[in-house]
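Participant: As given, the protein sequences belong to chains A and B, one line each in that order. Counting from 1, one number per residue, gives the positions in the first sequence under UniProt numbering. Counting from 1, one number per residue, gives the positions in the second sequence under UniProt numbering.
Hints were generated in silico from the structure; no laboratory data involved. All values derive from a computational prediction rather than experimental measurement. Glycine residues also receive a C-beta, built at the ideal position from the N, C-alpha and C atoms. Some hints could be false.
Under the rule of at most 30 Å between Cα atoms (straight-line distance), these lysine-lysine pairs were calculated in the DSS-like manner [claimed, not checked]:
| no. | chain 1 | residue 1 | chain 2 | residue 2 |
| --- | --- | --- | --- | --- |
| 1 | A | 142 | A | 195 |
| 2 | B | 141 | A | 452 |
| 3 | A | 155 | A | 68 |
| 4 | B | 85 | A | 452 |
Output of the computed footprint for chain A on chain B, the stretches with three or more beta carbons under 8 Å from beta carbons of chain A [said to hold, decoys possible]:
| no. | region |
| --- | --- |
| 5 | 191-199 |
| 6 | 246-258 |
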Amino acid sequence: MAENKQALTADKPANERESADVEMGQYVFDRTRANDDKIEADEKILAEFGNGYNYGWHDSDAAGQAAKKGIDENVVREISADKHEPEWMLDLRLKGFQAFLEKPMPQWGVDLSGFDAQDFKYYVKPMDHQAKSWSDLPPDIKNTYDRLGIPEAEKQRLVAGVAAQYESEVIYNSIREELASQGVIFCDTDTAVQKYPDLVKKYFNTVVRYNDNKFAALNTAAWSGGSFVYVPKGVHVTIPLQAYFRINTENMGQFERTLIIADEGSYVHYVEGCTAPLYSTDSLHAAVVEIIVEPHARVRYTTVQNWSNNVYNLVTQRAYVKEGGTMEWVDGNIGSKASMKYPACILAGEYAKASTLSLSFAGSGQYQDTGAKMIHLAPHTSSTIVSKSISKGGGRSSYRGLVKIPKGAFDAHSSVSCDALLVDEFSRSDTYPHVDVREDEVTMSHEATVSKVSQDQLFYLQQRGIEEREAMGMIVRGFVEPISRELPMEYALELNRLVELQMEASVG
Amino acid sequence: MAEVATNVSEQHTLEIRGLRAGVQTKEGRKEILKGVDLTIHTGEVHAIMGPNGSGKSTLAYTLAGHPKYEVDGGEVLLDGQDLLKMKPYERARAGLFLAMQYPVEVPGVSMTNFLRTAVTEVQGSAPSLRQWVEELSTEMKRLRMDPKFAQRSVNEGFSGGEKKRAEVLQMELLKPKFTIMDETDSGLDVDALRIVSEGVNHAKDVNHFGVMLITHYTRILRYIHPDFVHVFADGHFVRAGGPELADELEESGYDQYLPEGVSESAQA
């Protein structure tokens with residue numbers, strides 16, 4: 001399949017290849033050139049397919065409209081040149097692109113038969129420079145973030161720093177002064193390449209290699225934006241850092257690249273949220289997240305992903321955890337058309353600990369293939385996976401997980417628990433647990449349950465005066481509770497609200 | 001029996017007339033209730049006794065509106081309002097409470113959240129927090145329930161006795177006009193039976209509801225004294241009497257009420 005793509009690119013007529021050479025300046029656009037007809041057409045799509053999705057609007061879209069689709073080596077070089085990157089990064093991108101071409105499409109997990117890498121726009125730069133304040137943003141972009149409540153959260157000091165990525169670029173990034181003065185770095189990864197080249201070069205591409213999998217390779221080739229976080233030794237960032245990812249244009253490919261380094265004994269909680277407009281054609285989100293947990297540090301990474309139902313969400317997230325370090329993934333996958341996402345931890349040092357709490361919700365037309373990987377490479381390491389999924393309206397969710405304990409990782413502990421909730425008769429849930437243990441002296445447990453919202457549960461709650469819809473909501477909220485209680489309050493509320501919206505779409 | 005009802009409480013009537021209902025089974029449709037007639041007034045306790053499989057529980061679930069049971073005819077009037085036209089939650093709000101034989105587990109939903117939501121829905125407004133906390137703790141104490149109970153998920157991991165106490169707690173808090181108890185005594189040891197029965201008696205004294213007490217055994221009737229005893233067999237009432245009828249059944253069993261050639265032991 002990949003070979004075909006390559007052939008297509010090579011066969012392109014000369015004039016098309018020329019157009020690929022146009023200066024990147026063309027991607028910066030006068031945003032007033034909104035196309036009203038298009039907005040109107042999309043309103044119709046929203047009305048037709050919206051089905052309770054509250055984030056389906058989009059802004060005027062000159063930059064996205066003008067951006068071309070598809071990827072080839074020139075596009076990769078252009079992105080790098082536009083970012084004035086050092087040679088080593090360009091080389092890495094090109095290696096990534098080559099690996100992308102060579103790697104086969106996954107033949108497992110979600111259905112990618114309709115996926116064509118040439119269908120997406122790889123680099124859409126909505127603004128020339130990052131905004132210094134929210135008011136510097138073009139009015140409709142600012143309006144979008146206002147509707148998402150991001151500036152408000154910052155104002156209320158619910159977060160210690162904010163990054164807002166819009167299409168390919170982080171258009172706003174802030175961090176509290178007291179953290180910055182302690183040496184905490186929180187900026188977009190492009191800026192980090194320029195400002196902190198040594199740190200980036202030391203860690204980038206070390207946890208997720210450029211050729212790790214097809215989509216990590218694509219990300220390495222085309223990455224733009226994402227967060228770079230460095231927390232110095234012993235510094236505790238007690239309030240979360242928040243990143244918000246927004247896709248605006250149609251057929252967007254968003255490839256953020258996040259790199260988090262928690263130095264010895266430090267702590268940080270990074271939270272990301274994602275939304276996109278509804279379109280009748282697909283977008284792609286293929287992120288890579290690399291996390292380095294130095295000895296005795298602790299990192300928590302929380303995702304509340306609510307992409308619209310036309311987004312492929314193919315994400316590689318992995319943490320490398322050293323001695324006595326702790327990594328926690330809290331992963332809520334509510335949206336997207338198809339997700340493949342298995343946050344992973346490599347427990348490389350003794351007494352390293354890791355947990356993944358994941359929740360996925362597969363509604364009508366959605367396929368959530370999610371899970372976790374825990375690789376125990378040292379003695380006395382422990383890991384916990386709690387995976388919960390809800391399927392309704394014919395949606396499909398799968399748990400796919402790997403626990404690996406090779407010889408020598410004695411006294412390792414691992415526990416896996418997967419609960420699937422089916423809301424109706426025609427939805428589907430599967431479990432694909434993979435356990436590879438080569439050491440005798442370990443404890444390993446795995447349990448999986450599939451339950452249905454039963455007529456009896458609904459009847460019981462209704463017999464106590466609770467309406468059917470609210471009864472269903474209570475049952476689902478109860479199921480989600482072990483995950484939502486791990487989220488900061490406002491995200492827990494958000495998660496509950498999202499789940500409820502999804503449920504309403506099914507009842508209504 | 002009319003003197004049981006006091007003049008301080010409102011008078012309510014639950015009338016069941018010619019109720020017929022059935023279920024879909026793998027072998028096709030099965031008729032279970034074959035014309036049930038019964039009238040209950042505020043303050044009365046009606047014990048419904050009968051052999052296994054006679055349709056007692058079906059009667060309870062049909063009255064409360066469980067979707068598994070399809071009504072074929074008849075009516076059920078609560079103060080003249082036809083319950084059969086209402087959804088299950090509307091029946092609950094109209095004042096009908098069903099204490100279930102097998103209360104259902106709802107993981108992740110705390111008892112306290114569930115109880116407060118239910119009380120709010122049935123009463124139409126949320127009770128003030130202070131009053132609520134006080135009432136809940138008083139009633140839980142009465143039923144000898146550990147305060148930690150309120151934080152546990154609804155019925156999850158509860159012992160048989162705990163589940164039944166939780167049902168009685170709900171009966172107390174929701175203040176229904178009529179209570180159906182579906183084999184509440186099953187699976188209870190002597191102490192639990194006494195505590196649960198005392199709870200029901202207290203709730204009844206305070207709230208003056210009418211009770212339909214479905215049971216297989218006479219044991220619970222030593223604690224909750226019935227005003228009427230009805231024998232239910234093959235989908236309808238076959239005999240009615242006073243409390244003395246219960247003693248007679250204890251002696252003679254239900255065989256005499258079963259169709260020819262079927263004995264109680266054979267049915268079970």
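Participant: Now tell me if each hint is right for this structure.
Facilitator: Going through the hints against the structure:
1. The suggested pairing of residue 142(A) with residue 195(A) holds, with an alpha-carbon distance near 27 Å, which does not exceed 30 Å.
2. At roughly 34 Å between alpha-carbon atoms, residue 141(B) and residue 452(A) are farther apart than 30 Å, so this suggested pair is violated.
3. Restraint check for residue 155(A) and residue 68(A): the C-alpha separation of about 37 Å exceeds 30 Å, so the hint is violated.
4. Under the criterion of a C-alpha separation no larger than 30 Å, the hint pairing residue 85(B) with residue 452(A) is consistent with the structure, at around 28 Å.
5. For the region 191-199 of chain B, the proposed coverage by chain A is not satisfied: 0 residues have a C-beta within less than 8 Å of a C-beta in that chain, short of the threshold of three.
6. Counting residues of the region 246-258 of chain B whose CB falls under 8 Å from any CB of chain A gives 0; the rule of at least 3 is not met.
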